[in-house]
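Asker: Below, each chain spelled out in residue letters.
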Amino acid sequence: MPDTQPNLAKPATAPTAPTAAATAPTEQITIRVQDFNAWYGAYHALHNITLNIPSQRVTSLIGPSGCGKSTFLRWINRMNDLVPNARADGVMQLDQDDVLDRAFDVVELRRRVGMVFQKPNPFPKSIYENIAFGPRLHKRFHHSDLDALVEQSLRAAAIWDEVKDRLHNSALGLSGGQQQRLCIARAIAVGPEVLLMDEPCSALDPRSTASVEALIRELRQTFTIVVVTHNMQQAARVSDLTAFFFEGKLVEAGPTDGMFTNPKNKQTEDYVTGRFG
Amino acid sequence: MSGISLRTKRILKNRAFLALCLFSTSATILILALLLMSIMVQGSHFLFSSEALSAVFGHGELSQVTKIIRWEFLSNFASRFPEKAGIYAAVIGSLWVCVICALLALPLGIGTAIYLEEFAPKNRWTALIDFNIRNLAGVPSIVYGILGLTAFTRMFGLFGSDKNSALSFGPDNAWWHIQLPFGQGLLAGGLTLMLVVLPIVIISSREALRAVPSSLRQASLAIGATPWQTASKITLPAAIPSILTGAILAMSRAMGEAAPLLVLGIPVFIANTPDNLNDNFTVLPFQIFNWAGRPQESFHQLAASAIVVLLVVLVCFNGVAVYLRQKLRKPLA
Ligand SMILES: Nc1ncnc2c1ncn2[C@@H]1O[C@H](COP(=O)(O)OP(=O)(O)OP(=O)(O)O)[C@@H](O)[C@H]1O
Ligand SMILES: [Mg+2]
Numbered sequence: 001m002p003d004t005q006p007n008l009a010k011p012a013t014a015p016t017a018p019t020a021a022a023t024a025p026t027e028q029i030t031i032r033v034q035d036f037n038a039w040y041g042a043y044h045a046l047h048n049i050t051l052n053i054p055s056q057r058v059t060s061l062i063g064p065s066g067c068g069k070s071t072f073l074r075w076i077n078r079m080n081d082l083v084p085n086a087r088a089d090g091v092m093q094l095d096q097d098d099v100l101d102r103a104f105d106v107v108e109l110r111r112r113v114g115m116v117f118q119k120p121n122p123f124p125k126s127i128y129e130n131i132a133f134g135p136r137l138h139k140r141f142h143h144s145d146l147d148a149l150v151e152q153s154l155r156a157a158a159i160w161d162e163v164k165d166r167l168h169n170s171a172l173g174l175s176g177g178q179q180q181r182l183c184i185a186r187a188i189a190v191g192p193e194v195l196l197m198d199e200p201c202s203a204l205d206p207r208s209t210a211s212v213e214a215l216i217r218e219l220r221q222t223f224t225i226v227v228v229t230h231n232m233q234q235a236a237r238v239s240d241l242t243a244f245f246f247e248g249k250l251v252e253a254g255p256t257d258g259m260f261t262n263p264k265n266k267q268t269e270d271y272v273t274g275r276f277g
Numbered sequence: 001m002s003g004i005s006l007r008t009k010r011i012l013k014n015r016a017f018l019a020l021c022l023f024s025t026s027a028t029i030l031i032l033a034l035l036l037m038s039i040m041v042q043g044s045h046f047l048f049s050s051e052a053l054s055a056v057f058g059h060g061e062l063s064q065v066t067k068i069i070r071w072e073f074l075s076n077f078a079s080r081f082p083e084k085a086g087i088y089a090a091v092i093g094s095l096w097v098c099v100i101c102a103l104l105a106l107p108l109g110i111g112t113a114i115y116l117e118e119f120a121p122k123n124r125w126t127a128l129i130d131f132n133i134r135n136l137a138g139v140p141s142i143v144y145g146i147l148g149l150t151a152f153t154r155m156f157g158l159f160g161s162d163k164n165s166a167l168s169f170g171p172d173n174a175w176w177h178i179q180l181p182f183g184q185g186l187l188a189g190g191l192t193l194m195l196v197v198l199p200i201v202i203i204s205s206r207e208a209l210r211a212v213p214s215s216l217r218q219a220s221l222a223i224g225a226t227p228w229q230t231a232s233k234i235t236l237p238a239a240i241p242s243i244l245t246g247a248i249l250a251m252s253r254a255m256g257e258a259a260p261l262l263v264l265g266i267p268v269f270i271a272n273t274p275d276n277l278n279d280n281f282t283v284l285p286f287q288i289f290n291w292a293g294r295p296q297e298s299f300h301q302l303a304a305s306a307i308v309v310l311l312v313v314l315v316c317f318n319g320v321a322v323y324l325r326q327k328l329r330k331p332l333a
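In the order they appear, the protein sequences are chains G and W.
Each residue of the first sequence is one higher than the one before, counting from 1 in the working numbering.
Each residue of the second sequence is one higher than the one before, counting from 1 in the working numbering.
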């Protein structure tokens with residue numbers, strides 16, 4: 001667990017000055033969110049979210065169903081562009097770039113911000129083709145390097161040893177946990193800085209879950225990871241920082257240790273101790 | 001009825017339902033078998049060689065039959081004399097018009113399906129288009145014939161009559177020689193059949209695309225693929241087997257249509273195969289229609305023989321469709 005200061009800004013409900021103040025100077029911030037609001041049509045799904053997500057840490061988003069975790073996540077790589085009536089305002093920056101700027105190229109954004117979904121969704125192609133798909137789109141290799149890139153991505157996702165002898169078999173022949181790690185490898189292959197994971201283990205059995213969790217802890221050294229989970233133990237096991245959402249608001253955010261042992265907010269305490277949600 | 005327990009009742013009901021299903025299935029199969037049998041018997045005279053027929057029905061030796069099929073029926077042109085009549089022109093015309101129809105209808109139909117399914121915004125306009133396509137699929141084909149007659153055969157009279165055309169392209173002997181208006185030529189036929197099958201191609205292709213799980217599209221987009229790359233590299237390849245199956249079934253529909261071409265006024269007696277896109281042609285169903293309408297019994301037999309050939313062709317089409325569905329269709333998730 002990190003021995004740094006609480007590096008997430010205070011929630012919007014706190015009347016203090018936002019951002020920087022709460023952040024230790026040594027901590028690199030990858031995603032900076034300030035007074036962020038999101039709507040679906042007239043429905044106000046997220047209210048004044050202010051949150052800094054530090055580099056090369058695992059940040060977990062927790063909260064009861066429907067509180068807006070996925071909405072928040074899907075704005076970071078603008079997957080919400082696909083929802084016809086979704087809109088947002090406020091500040092959301094990736095490094096110094098304005099994610100919400102309509103002129104900002106989503107193709108470039110999504111190359112830098114990878115996403116892993118709840119249900120493993122490999123393409124109905126070979127394992128090799130699954131990994132090579134992204135790099136080919138982005139021309140992120142010199143021809144001979146593609147094999148090496150595929151191997152490197154599969155190794156990084158801790159699945160190389162299991163699939164190295166059947167790279168050209170269908171990815172659909174893998175187990176659920178292997179498929180999910182393959183999807184992580186596929187996201188890694190385009191060289192992102194950030195990985196977003198929306199309940200990446202909720203469709204997996206305990207053993208596969210353990211392997212994916214181990215992988216997340218491993219990947220922390222290279223990537224900035226944001227993971228949504230309903231599983232408190234999982235949040236405690238994998239994440240450095242935790243943000244608790246409730247009814248579209250960010251209630252409390254801080255180092256995971258503190259959140260679970262000594263929550264400042266009554267709602268957070270009720271939630272993490274399993275009294276509701 | 002307290003004597004019969006609930007369980008017995010349920011079992012009886014179940015049996016009765018099963019019997020009903022069995023009865024209706026076997027009735028259907030029986031009727032179909034009878035139909036096929038009678039057509040076969042009627043058509044056998046012109047389909048099979050006399051030695052083969054006498055070996056089966058009379059007193060020839062089956063082992064000494066050297067020629068089973070009476071190939072003349074397939075290789076002769078139509079004739080006033082039933083013994084000399086054949087379906088060569090009709091078979092070639094059917095193939096030509098079917099190929100032209102496929103070349104026109106498949107790119108257009110599949111393209112429309114991709115646009116509507118993958119790119120079009122879901123608004124009132126696209127809902128209206130969708131509604132119209134569904135209705136068009138149910139329009140009787142003879143109505144398309146009338147449309148084809150005005151739009152393709154006569155071209156609204158804009159370029160003179162089809163006997164005395166105002167515009168033509170290409171040398172007279174080139175296969176792509178085209179005159180406006182199209183008259184009763186292959187192009188008019190192909191375009192009219194395209195109208196008939198277009199809604200079917202669009203609907204079946206859309207269904208094929210819709211069957212591709214949206215999680216695949218999301219995965220592709222989330223990697224940074226553009227909507228076009230996603231459609232062309234992920235969605236379309238995943239849907240191709242089903243799209244092809246639908247396309248082949250649509251083509252077999254086109255193969256079996258007589259009514260719209262009848263309205264165009266295509267000829268029955270053709271003494272040569274088409275040389276270019278404007279040349280006259282006839283098709284199997286139309287040939288059958290014509291023979292069946294004659295008073296003499298031998299022409300009815302000819303019609304039956306041609307029906308057998310048409311059925312064989314259609315069964316081949318369907319066979320290919322089933323094969324594609326079985327072999328190419330992979331699980332998607
Ligand atoms: N496409 C959409 N259109 C309209 N409303 C939506 C849409 N997606 C989500 N919502 C609404 O926004 C709110 C937040 O949804 P979101 O999916 O972000 O919740 P969540 O925290 O991820 O929940 P869960 O834990 O169940 O996944 C919910 O009330 C939901 O009904
Ligand atoms: Mg969610």
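Derived from the structure by calculation, the hints contain no laboratory data.
Please read all numbers here as calculations on a predicted model, not as lab measurements.
Careful: at least some of the hints might be erroneous.
[Claimed, not checked] List time: in silico EDC-like cross-link candidates among lysine to aspartate or glutamate, alpha-carbon distance up to 20 Å:
{"#": "1", "chain 1": "W", "residue 1": "LYS84", "chain 2": "W", "residue 2": "GLU51"}
{"#": "2", "chain 1": "W", "residue 1": "LYS233", "chain 2": "G", "residue 2": "GLU108"}
{"#": "3", "chain 1": "G", "residue 1": "LYS264", "chain 2": "G", "residue 2": "GLU247"}
{"#": "4", "chain 1": "G", "residue 1": "LYS266", "chain 2": "G", "residue 2": "GLU247"}
{"#": "5", "chain 1": "G", "residue 1": "LYS139", "chain 2": "G", "residue 2": "ASP165"}
{"#": "6", "chain 1": "W", "residue 1": "LYS233", "chain 2": "G", "residue 2": "GLU27"}
{"#": "7", "chain 1": "W", "residue 1": "LYS233", "chain 2": "W", "residue 2": "GLU207"}
{"#": "8", "chain 1": "G", "residue 1": "LYS119", "chain 2": "G", "residue 2": "GLU213"}
{"#": "9", "chain 1": "G", "residue 1": "LYS249", "chain 2": "G", "residue 2": "ASP270"}
{"#": "10", "chain 1": "W", "residue 1": "LYS330", "chain 2": "G", "residue 2": "GLU129"}
{"#": "11", "chain 1": "G", "residue 1": "LYS139", "chain 2": "G", "residue 2": "ASP161"}
{"#": "12", "chain 1": "W", "residue 1": "LYS122", "chain 2": "G", "residue 2": "GLU213"}
[To be verified] To list a few chain G residues with every Cβ distance to chain W over 12 Å, as calculated:
{"#": "13", "residue": "ASP105"}
{"#": "14", "residue": "GLU108"}
{"#": "15", "residue": "PRO120"}
{"#": "16", "residue": "ASN121"}
{"#": "17", "residue": "HIS138"}
{"#": "18", "residue": "GLN179"}
Backbone N, C-alpha and C fix where the C-beta goes; we use that ideal spot for every residue, glycine too.
Asker: All hints, please: hold or fail.
Answerer: Here is how each hint holds up against the structure:
{"no.": "1", "hint": "W/LYS84 with W/GLU51", "result": "18 Å, holds"}
{"no.": "2", "hint": "W/LYS233 with G/GLU108", "result": "19 Å, holds"}
{"no.": "3", "hint": "G/LYS264 with G/GLU247", "result": "18 Å, holds"}
{"no.": "4", "hint": "G/LYS266 with G/GLU247", "result": "15 Å, holds"}
{"no.": "5", "hint": "G/LYS139 with G/ASP165", "result": "26 Å, violated"}
{"no.": "6", "hint": "W/LYS233 with G/GLU27", "result": "41 Å, violated"}
{"no.": "7", "hint": "W/LYS233 with W/GLU207", "result": "18 Å, holds"}
{"no.": "8", "hint": "G/LYS119 with G/GLU213", "result": "15 Å, holds"}
{"no.": "9", "hint": "G/LYS249 with G/ASP270", "result": "16 Å, holds"}
{"no.": "10", "hint": "W/LYS330 with G/GLU129", "result": "16 Å, holds"}
{"no.": "11", "hint": "G/LYS139 with G/ASP161", "result": "26 Å, violated"}
{"no.": "12", "hint": "W/LYS122 with G/GLU213", "result": "39 Å, violated"}
{"no.": "13", "hint": "ASP105", "result": "9 Å, violated"}
{"no.": "14", "hint": "GLU108", "result": "7 Å, violated"}
{"no.": "15", "hint": "PRO120", "result": "9 Å, violated"}
{"no.": "16", "hint": "ASN121", "result": "4 Å, violated"}
{"no.": "17", "hint": "HIS138", "result": "6 Å, violated"}
{"no.": "18", "hint": "GLN179", "result": "10 Å, violated"}
In the structure shown, a violation is registered for the earlier hints numbered 5, 6, 11, 12, 13, 14, 15, 16, 17, 18, in ascending order.
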